[in-house]
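K.L.:
One-letter residues, chain by chain:
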Amino acid sequence: MSTLSLAYVVLFYVAGFIFLAGLVLRITKYARTPAPLKIPTMPAPTTRTGVVMRLAREVVFFQSLFRSNKWIWIFGWIFHLSLLLAFFRHLRYALSPDSILWPLVNNEIVLSFGKYAGFTMLLGLLGLFGRRIFVDRVRYISQPSDYLMLLLIMGIAATGLGTSYLSHTDIVALKQFALGLLYFDPRPVPNDALILIHLALVAILLIVFPISKLLHAPGVFFSPTRNQVDNAREKRHLAPWAAELDSTRGNR
Amino acid sequence: MADFDTPELKEYLSIPAIEPGAMEGLAPFVAKPPHQEPLGYPGELVDNWEEKAIEKMGDMLKKYRGFQVFLDSCVKCGACTDKCHYFLGTSDPKNMPVARQDLLRSVYRRYFTFAGKFFPKLVGARDMTREVLDEWYSYFHQCSQCRRCSVFCPYGIDTAEISMAAREIMDSIGQGQKYCNEIITKVFSIGNNLGLPEPALRDTLEDLEEEIYEDTGVRVRLPLDEKGADILLITPSADFFAEPHIDGLMGYAKVFHEAGVSWTISSYASEAANFGMFIGSYENSQRIAMRVREAALDLGVKRIVHGECGHAWRVAYSFWNTYAGPWDFLDPNYPVPQHICEFTWDLIQQGKLKFDKSENDHRVVTFHDSCNVARATRMGDKPGGQFEIPRNVIKAVCNNYVEMDPDTIKDATFCCGGGGGLLTDDLMEIRVKGAMPRMQALHDVVEEQGVTNMAAICAICKSQFSKVLPYYKMPMDMIVSVHQLVSDALILTGQNDGDEASGEQDS
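Sequence lines, in order, name chains R and U. FYI, in our numbering the residues of the first sequence are 320 to 571. FYI, in our numbering the residues of the second sequence are 11 to 517.
Heads up, a few of these hints could be off.
[Said to hold, decoys possible] Partial chain U-side listing against chain R, Cβ under 8 Å, derived: (1) Ala27; (2) Arg75; (3) Asp92; (4) Pro103; (5) Arg157; (6) Ala386; (7) Pro393; (8) Gln396.
Rather than coming from a laboratory, the hints here were simulated on the basis of the structure. This structure is a prediction, so every number in the text was calculated from the model and none was measured. Using N, Cα and C, we set each Cβ at its ideal position, and we do this for glycine too.
Could you build all of it, start to finish, from the sequences and the hints given here?
P.N.:
Right, here's the structure in full:
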């Protein structure tokens, strides 16, 4: 195997490890940190089921963002939906047709729209980038990392589109490379500039994920203002460290 | 009237272009040792405060999930940037919720994240310096913790939580705010924010009994420290002396009288307000809340009813059970606590109160949803009861009711501008400017629908509006208590007929 292939294999194992370990650590941290007070943004659901529905509306439709700003919503939602479609379309490179997950890949939605998801993704990202430049308020709050993050994902989308519309990558070889990584049986990476850049950018995204604002993905599920049930009067809510204070609050 | 310009009310509320530095340097008076130490904080800025501040931040990251998640999750999408009344009123970009959070997030990133430790410029990370501290002190006291931004954030990031945490960090290194900490000191030493001692309180309540008698010919009582009463009323101390709060208090008294229940006020817990929340202090909030538990136990009451106060209702509804519960010694048939509006609305539904709505016919009333009631609590059984029940009460006693712009009511309500520990003269500029969006919506209904009065159920809102309405060329007495409207329309059993109650007849 060439040095290049070896480098990519190592890169992907390292990136994959950082992504998974970083995410697990972060999620564990969120889960273990207590929320000592009831702070749901009201009106809030009064049942667990209601909270699940509320979170589902946030995650699937970006409900609060829709109420807040239609431009950010349309660009953001198109981008995330495209990302999801592209993800499912990419599963074909890591699954064999006899896998039980194959229907996730081989269905009408993914097949017909997935192909164009790269374009809509770019459109959404360009919209978000444009807002950072042209809206004075958003420009004010943007750091270099905020622009770079958009550029990174735009780079991934653009090179990905390039591999299917400009110069066709050897899909069979790519699939062997991907499956090789999954089954710890490394295979050479296709020697094609576009796909190499595409893969490198994806690896960077994986590495950056658990140490950046991309943590909004797990974060939304742990946000006390969204995931708490409105039942403060009915049920006493007490975090472990707060329970310790109970013993010091006097003899009543 | 002051050395700043009152914002102009336009035809509609517009999003201003940013003006960096517009409110730079505005800061409240710093607390002196006598108002720091009783709260468990150092009297003045400690020597190694930079280090201590970071240490405290690390401690809070372990204790408050919201703090940790909110600091990590922001993607700088900009959805919140036009939602804060202080930004809309001042154009200062640091009053945009995300920018306010970033004052603290930048320091969090520097000391607690990989990117901030190794690539500070890339992610806007900053060292904890005197400049940063001054900026915190200024802009975290230009936030009323109203949570409007949290409604619109796709991740529910609540700037109130960040500003509370920032204040707790500043308190812990000796840089507290005089207004809040002095008030909390008074609660600990005397029992209420005003520092009103028991004899003065008793006199006040007797005066009010006399006033109601003169007005109606009915002996309505406002009992103090009566053991064995069924209901303990916990209400903001502003209800004992300020206008229009006091008219609300007389309203509660009349409602209790007509309901035929026995009730009492406690001189020990003569304060619903809990400024411990404003400074983000679990310990101090709990200490204040415990006074209510102690009073309820001492007086042997069966229920607790809560007066008109916004942040206090938040503490009572959402936090009392945590701080001072369980309330298993009270009557389980009633919620603990119960809001006075819930209490009154129950009686209205049962047909136990008789009203002459025409007594309010000289008014066209609108309702200001107080931020803490709207976005941090509930009334009744159903989500949104905090919007419906006060409106139902008003509509039951007034013939003329109109709503303000739907984008400025219910959970999208605009803060009065004086909440969150900002109700102090040293912050008048931000109070007036921050009131602009609410003033705009009010002005619209005054012009278009002839509104004469705005009702509210929050002591801070009432005080703030009395003060800022004149800046916007509206009369200060436009603001009324909801239970003032109830009081004016309520017909007490055995009440004198007509308006000209002489108060001379024997009872």
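K.L.:
All hints, please: hold or fail.
P.N.:
Now the hints, each set against the structure:
| no. | hint | verdict |
| --- | --- | --- |
| 1 | Ala27 | holds (6 Å) |
| 2 | Arg75 | holds (4 Å) |
| 3 | Asp92 | holds (7 Å) |
| 4 | Pro103 | holds (5 Å) |
| 5 | Arg157 | holds (6 Å) |
| 6 | Ala386 | holds (6 Å) |
| 7 | Pro393 | holds (4 Å) |
| 8 | Gln396 | holds (7 Å) |
In this structure, none of the earlier numbered hints is contradicted; all agree with it.
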